[in-house]
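Kindly generate the complete structure, drawing on both the sequences and the hints.
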Amino acid sequence: MAKYLLLKHYRGDHAIAKDELVPMDRWTPEEVTAHIEFMRMVADELRERGEFVDEQALSPEGTFVRYDGEGRPPVTDGPFAETKDLIAGWMVIDVDSQERAYEAAARLSSAPGPGGRPIHEWIEVRPFYGEPPVVTE
Amino acid sequence: MNDDRPGLGELLRDLTPQVLGILVRRGADFAAAEDAVQEALIEALRHWPDDRPDAWPDSPRAWLVRVAGRKLVDAQRSAYARERRELRVHLEPEPGPREQADDTLLLLSRCCHPSLTAASAIALTLRAVGGLTTAQIAEAFLVPEATMAQRITRAKRTVSGERFDVPGEVAAVLRVLYLIFNEGFSGTVDLAEEAIRLTRQLAAATDDPEVDGLLALMLLHHARRRARRTSSGAVVPLAEQDRSLWDTAMIAEGVEVLQAALARDALGEYQAQAAIAALHDDAASAEETDWTQVLEWYDELLRLAPGPVVALNRAVAVGEVDGPLAGLRQVEGLPDDLPRRDAVAAWLHERAGDRREAARLYRLAAERATNVAERDHLTRQASRLNAGR
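Protein sequences, first through last, are from chains P and Y. Residues 7 to 143 in the numbering used here are what the first sequence spells out, letter by letter. Residues 220 to 608 in the numbering used here are what the second sequence spells out, letter by letter.
Sample of chain P residues facing chain Y (criterion: CB under 7 Å; computed from the structure):
id	residue
1	Pro35
2	Val38
3	Ala63
4	Pro66
Coverage of chain Y stretches by chain P, computed from C-beta distances (three or more under 8 Å per stretch; other residues unrestricted):
id	region
5	572 to 586
6	595 to 608
Since the hints were made in silico from the structure, they are not lab data. No residue lacks a Cβ here, since even glycine has one placed at the ideal position from N, Cα and C.
Rendered as structure tokens:
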């Protein structure tokens, strides 16, 4: 088994979705509900399969902080303009193979949007570093 | 088995803070006393048959105090063995009811000591007075057990040096209990229920209408728990809740506790908040809410506990009594970054007929929401207005 981080990006400066993505408040309430229900269902499927580890959603506004020398308050910057790449949330899964991780990410990305059509959001898949193996010969 | 007697686990959990309070009042170190009580509980679980209450000691508390006292002496003996110093612990006779009440308050006020951060006070209270395990508390706050164990250890260390012979301010205790109640339910422990249990204990041990006010406030809100979320976890606002799901027995108890507190003519912020909750609980439908009275109580609350959060909630009542534009004027003076400000303004704008502005503010409110359920609810509000409904 190997752990993967599935990162949900949004408002990135690269083409984030296949088509121009309509902001969620412009969907109908039923479409919003269907999307939320789908995300919940995918997490439940992963739990059912014994692959779910953790899931967190992040508030859209963040701040960059930097050390600015002894005795000085930290430097802060942001929140940044909308063109910057932000992360909406993440999911951690523990799966048998990279293929399986991609399959799970694609399932997440098939979440329905306006008109019930998949929104094709990019999901970034990042493998965790594991423990070194005991047997090395 | 006699139905009147509680189960063994429940009995031990109720007795834990009492026994701890007795040892600490006798001068034992807080952390050491807590360890000793835990060991005594293990002994009790080993020797008292779970299914045969008739075989339990006649006075379970006296038994626990005796055993914990012995454990404490043992621990002190081994700690000081090198110096061969004998330490004595004075095992007094069973305390009377008054002393027991003092112990409860004493223990709570130590766990909620002002030198502790809110997070530490909450953790220590749930551990030492609530009798929850560190694992349960960790789960409720979604942190690793080792992290929570360390938080509790540091909290104990912080209060160890403080004087512990006079109960501290009740207000600090009430604030911590209020925060625990607001944590609600996550993991396997219902923190709202736990807060109610602890507040009941405190109410029984003290003579302060504000303690009763807080208990009433909790009961009057907890009574609505089944109506607050849909089966899939979506937020249901008060005005749209299915009121047949409200717990009428709990409302009746809350009202009774509140009336007895108000009759004592020492008004405080918790009683005022409970009075507002009672007026909502009393309305058979949202339309039947007595907003004039609600507003009067908000005026009172603002006088007792001035602050932007109260002012924001009061603006909603003003909107109902004097119209949405009057409500909006109240919101205008409040800080921009006040949580829920945009959501309240959006609601008032919609009532005033400005759906476009309402949708814009709901979207802004969704972006600033501090939890997913609220974010989703606000997004749905914006999408509803944008869809022309």
